[in-house]
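Enquirer: Listed below are the residues making up each chain.
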Amino acid sequence: MNKKLTTIILTLIVLAVILIMMGPFYILEEGQQSVVIRFGKIVDSQQEAGLKFKMPFVDNVIKYSDKILAWDGEAQRIPTKENLFIWVDTTARWKISDPAKFYASVTSYERAYGRLDEVIDSSVRTIISKNFLREAVRNSNQINNIDDTQQAEVEGVEGEETMQQELRDLANFSESKVTYEEIKKGRLKLSDEMFDAAKKITPEYGIELIDIIIRQIRYSDDLTESVYNRMIKDRNQIAQAYRSFGEGKKAEWLGKLENEQKSVLSGAYKTSEEIKGKADAEATRIYAESYSKDRDFFEFWRSIESYKKTLPKFSKTLTTDLDYFKYLNEKSPR
Amino acid sequence: MGDSNQMPFRPPQLKIKPRMIIILFLVVLAAAMGVSSLYMVDQTEEAVILRLGQFNRIASPGLHYKMPFGIEQNFNVPTQVIQNMSFGFRTEKSGVETIYSRNDYPEESVMLTGDLNIVDVEWIIQYRIEDPVAWLFNVENREKTIRDISQSTLNRLVGDRKIFDVIGKERVNIEARGQEQLNDVLKSYNLGIRVTTIKLRNIVPPIGAVQDSFEDVNKAQQDMNRLINEGKEAYNREIPKARGEADRIIQEAYGYQAERVNQAKGDVARFNSVYDEYRKSKDITRSRLYIEMIEEVFKGDSDTDLIDKNLDNFLPLKNLQSGGTR
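Top to bottom, those sequences are chains A and B.
Per this note's numbering, residue 1 is the first one in the first sequence, and the count goes up by one each step.
Per this note's numbering, residue 1 is the first one in the second sequence, and the count goes up by one each step.
None of these hints come from the bench; they were simulated from the model.
Quick caveat: nothing in here was measured; it's all calculated off a predicted structure.
Beta carbons are placed, not taken as given, at the ideal position from N, Cα and C, and that holds for glycine.
Please note that the accuracy of each hint is not assured.
[Said to hold, decoys possible] Taking lysine to aspartate or glutamate pairs in the DMTMM-like style, the calculated list, with each CA pair at most 20 Å apart, reads: (1) B:Lys282 <-> B:Glu292; (2) A:Lys309 <-> B:Glu245; (3) A:Lys326 <-> B:Glu296; (4) A:Lys63 <-> A:Asp98; (5) B:Lys187 <-> A:Asp211; (6) A:Lys67 <-> B:Asp267; (7) A:Lys262 <-> B:Glu107; (8) B:Lys187 <-> A:Asp192; (9) B:Lys232 <-> A:Glu166; (10) B:Lys282 <-> A:Asp323; (11) B:Lys219 <-> A:Glu247; (12) A:Lys256 <-> B:Glu296; (13) A:Lys67 <-> A:Glu29; (14) A:Lys276 <-> B:Glu245; (15) A:Lys67 <-> B:Glu130; (16) A:Lys54 <-> A:Glu29; (17) A:Lys262 <-> B:Glu233; (18) A:Lys233 <-> B:Asp216; (19) A:Lys278 <-> B:Asp247; (20) A:Lys313 <-> B:Glu295; (21) A:Lys309 <-> B:Glu180; (22) B:Lys265 <-> A:Glu289; (23) B:Lys232 <-> A:Glu260; (24) A:Lys293 <-> B:Asp267.
[What the hints assert, rightly or not] Listed below are several chain B residues computed to face chain A (Cβ distance under 7 Å; list not exhaustive): (25) Glu140; (26) Ile207; (27) Val210; (28) Ala220; (29) Ile249.
Work out the full structure: start from the sequences and follow the hints.
Expert: Here is the structure:
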């Protein structure tokens with residue numbers, strides 16, 4: 001009797017547990033949404049989390065994510081408006097906005113991704129090929145606003161402001177200082193255009209597109225090679241400009257050296273000759289002032305002084321005619 | 001649970017009493033309740049509690065109780081941890097000497113600059129989960145979303161600048177703007193994180209010939225400075241020397257001047273003195289001076305010829321003689 005009762009109770013508990021587990025309830029977590037299918041027909045869809053009801057054994061619950069989902073397509077090789085081939089890598093975010101429609105039109109994530117591939121790839125292709133490369137690469141015109149004074153500096157030459165300026169001019173020249181062409185749209189705008197084109201289509205699949213973002217743009221391989229070459233040439237040209245500038249400056253210094261050396265020395269020569277001239281003039285004046293007192297005596301004196309210096313060097317043959325010898329022949333004066 | 005499973009394999013002679021089954025059932029139930037209702041939250045984490053799938057509360061670090069049997073679920077989220085993400089390179093093993101992976105990730109790091117050049121940029125971002133509920137339930141592919149947006153943001157910023165500005169002075173600006181814009185986009189997804197840092201690591205031109213040519217520009221700048229310094233050096237070597245030389249020439253001239261004037265003054269002084277005396281007795285002095293002069297001139301010579309003025313034919317003879325001795 002007792003045994004029978006407990007068996008019944010036990011059976012009831014087990015049945016109740018089984019019923020609850022299999023039964024009319026299911027839990028929808030945060031970040032999930034569900035569609036309830038009864039005999040292949042959608043009877044309900046839920047987007048709020050909580051304990052939900054269904055018909056046991058009959059209803060089939062399909063849960064989808066209610067979160068933002070990522071889409072990442074293959075990079076595409078697309079020609080731009082100027083016919084340059086670039087790789088465009090885009091990514092997008094989307095969400096299942098209408099689980100019933102989603103189930104009805106695509107059912108699974110795989111097929112949804114397939115649809116998104118088609119829709120997004122084609123809108124990316126359309127927009128990129130309608131625009132110039134610069135529109136896709138740049139986002140604004142601020143490239144022209146960044147003050148690009150060159151970073152090259154002449155070291156250890158203080159106060160050479162003009163030289164720094166010259167160098168800057170040179171650098172800017174060799175950097176081929178161009179104002180880059182104005183862009184009309186920019187990358188974000190292009191992304192928006194792709195987004196606008198694609199988002200019209202996706203609601204058919206119960207999908208809400210949240211954005212399309214250009215993740216990366218690369219040159220195609222053959223284009224990369226030619227860009228590399230251009231970059232190298234550009235650098236070479238700049239390097240050459242620096243070296244030539246250095247050579248030029250060196251020559252300038254050497255010229256300056258020559259110039260200053262000559263002008264300093266010749267200036268000194270000039271000054272020294274002036275000084276000497278003044279000295280000569282002064283001496284002449286002193287002599288003249290004094291000697292002009294008695295011309296006759298001066299001549300006599302000066303001659304005598306001069307004879308003393310010059311005559312001893314001559315080899316001499318004298319005649320007795322000389323006044324000096326007048327007493328040789330006579331005892332008394334003539 | 002193990003015990004009850006083994007029941008059917010027990011020898012049949014052991015009688016199964018319903019009471020035992022009930023007790024066992026209750027014990028198992030109690031054990032399961034205990035196990036499934038306690039949970040731990042680490043100091044670095046916060047836990048989000050769902051009741052029947054619906055968000056209920058957030059639990060702080062420590063040991064906590066929740067309703068058993070999956071009625072309440074806990075999700076621990078590391079909200080205190082700063083998380084790292086690297087782009088263009090991977091850290092293989094961090095430590096005192098961090099090892100970086102040898103692989104390149106050009107699909108992340110190669111970018112086009114605004115002047116249509118190519119540059120290779122590596123960077124890291126750091127972020128922290130600020131809102132664990134948003135983090136758990138708003139976005140499905142979270143890591144990938146952060147990576148995608150980070151890449152697209154950096155690409156866009158680099159695409160707006162010239163290669164030299166990217167490598168050089170715009171670096172800091174890119175980091176600051178990048179963080180700002182990245183946070184804006186992630187906020188629009190309500191991802192529940194905040195990016196605390198973007199740090200650009202290596203920004204280099206493409207490896208190989210291109211990089212070499214960039215380095216050559218640096219070398220050229222060094223060469224330029226060297227050449228200029230060489231010129232300066234020659235200048236500094238020669239010019240002070242020349243200035244000294246000029247000084248010497250001028251000083252010499254002054255010396256000449258002093259010498260010349262003093263000489264003149266001396267000569268004149270002597271002349272004047274003699275003249276004063278001469279005036280007193282002109283003839284005598286004149287004769288004296290004359291004789292003194294002759295004396296001085298001839299006193300040293302020993303082979304002077306003295307001839308009479310009437311010997312007319314002496315001169316040729318004398319010439320012959322001197323010609324012969326030569």
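Enquirer: Give a verdict on every hint.
Expert: Hint check:
1. Taking the CA atoms of Lys282 (chain B) and Glu292 (chain B), the gap is near 15 Å; set against the 20 Å cutoff, the hint holds.
2. Taking the CA atoms of Lys309 (chain A) and Glu245 (chain B), the gap is about 36 Å. The hint is violated against a cut of 20 Å.
3. For the suggested pair Lys326 (chain A) and Glu296 (chain B), the alpha carbons sit about 18 Å apart, so the restraint of at most 20 Å is met.
4. Using a Cα cut-off of 20 Å, the hinted pair Lys63 (chain A) and Asp98 (chain A) holds, with the two alpha carbons roughly 12 Å apart.
5. Of the supplied pair hints, the one linking Lys187 (chain B) and Asp211 (chain A) holds, its CA atoms being roughly 14 Å apart against a limit of 20 Å.
6. A C-alpha spacing of about 121 Å is found between Lys67 (chain A) and Asp267 (chain B), which places the hinted pair above 20 Å, so the restraint is violated.
7. With a C-alpha separation of about 65 Å, the suggested pairing of Lys262 (chain A) with Glu107 (chain B) is violated against the 20 Å cut-off.
8. At roughly 18 Å between alpha-carbon atoms, Lys187 (chain B) and Asp192 (chain A) fall within 20 Å of each other, so this suggested pair holds.
9. Between Lys232 (chain B) and Glu166 (chain A) the CA atoms are separated by roughly 17 Å; this keeps the pair inside 20 Å, and the hint holds.
10. The straight-line distance between the Cα atoms of Lys282 (chain B) and Asp323 (chain A) is roughly 18 Å, inside the 20 Å bound, and the hint therefore holds.
11. Our distance criterion of 20 Å between C-alpha atoms is met by Lys219 (chain B) and Glu247 (chain A), whose separation comes to about 14 Å.
12. For the hint linking Lys256 (chain A) to Glu296 (chain B), the alpha-carbon distance of about 60 Å lies beyond 20 Å, and the restraint is violated.
13. The hinted pair formed by Lys67 (chain A) and Glu29 (chain A) meets the criterion: a straight-line CA distance of about 11 Å does not exceed 20 Å.
14. The hinted pair formed by Lys276 (chain A) and Glu245 (chain B) meets the criterion: a straight-line CA distance of about 17 Å does not exceed 20 Å.
15. Pair hint Lys67 (chain A) plus Glu130 (chain B) holds up; C-alpha atoms about 18 Å apart against a cutoff of 20 Å.
16. Of the pairs offered as hints, the one joining Lys54 (chain A) and Glu29 (chain A) holds, with about 16 Å between alpha carbons and a cut-off of 20 Å not exceeded.
17. Our distance criterion of 20 Å between C-alpha atoms is met by Lys262 (chain A) and Glu233 (chain B), whose separation comes to about 18 Å.
18. Restraint check for Lys233 (chain A) and Asp216 (chain B): the C-alpha separation of about 12 Å stays at or below 20 Å, so the hint holds.
19. Proximity of Lys278 (chain A) to Asp247 (chain B) is assessed by CA-CA distance (about 18 Å); at most 20 Å being required, the pair is judged to hold.
20. A threshold of 20 Å between alpha carbons decides the hint, and for Lys313 (chain A) with Glu295 (chain B) the separation of about 14 Å falls inside it, so the pair holds.
21. With a C-alpha separation of about 104 Å, the suggested pair Lys309 (chain A) and Glu180 (chain B) falls outside the 20 Å cut-off, and the hint is violated.
22. With a CA separation close to 11 Å, the supplied pair Lys265 (chain B) and Glu289 (chain A) stays within the 20 Å bound.
23. Between Lys232 (chain B) and Glu260 (chain A) the CA atoms are separated by roughly 13 Å; this keeps the pair inside 20 Å, and the hint holds.
24. Taken as a hint, the Lys293 (chain A) and Asp267 (chain B) pair is honoured in the structure, with Cα atoms around 15 Å apart against an allowance of 20 Å.
25. Given the 7 Å rule on beta carbons, the hint for Glu140 (chain B) holds: about 4 Å separates it from the nearest Cβ of chain A.
26. A distance limit of 7 Å between C-beta atoms decides the matter here; for Ile207 (chain B) the minimum to chain A is near 11 Å, and the interface restraint is violated.
27. A hinted interface residue such as Val210 (chain B) counts as satisfied when its beta carbon comes closer than 7 Å to some beta carbon of chain A; here the least separation is about 5 Å, so the hint holds.
28. This hint holds: Ala220 (chain B) has a C-beta 4 Å from the nearest C-beta of chain A, less than the 7 Å allowed.
29. Residue-level restraint check for Ile249 (chain B) holds (minimum Cβ-Cβ distance to chain A is 4 Å; threshold 7 Å).
Checked against the numbered hints above, the structure violates hints 2, 6, 7, 12, 21 and 26; every other hint is satisfied.
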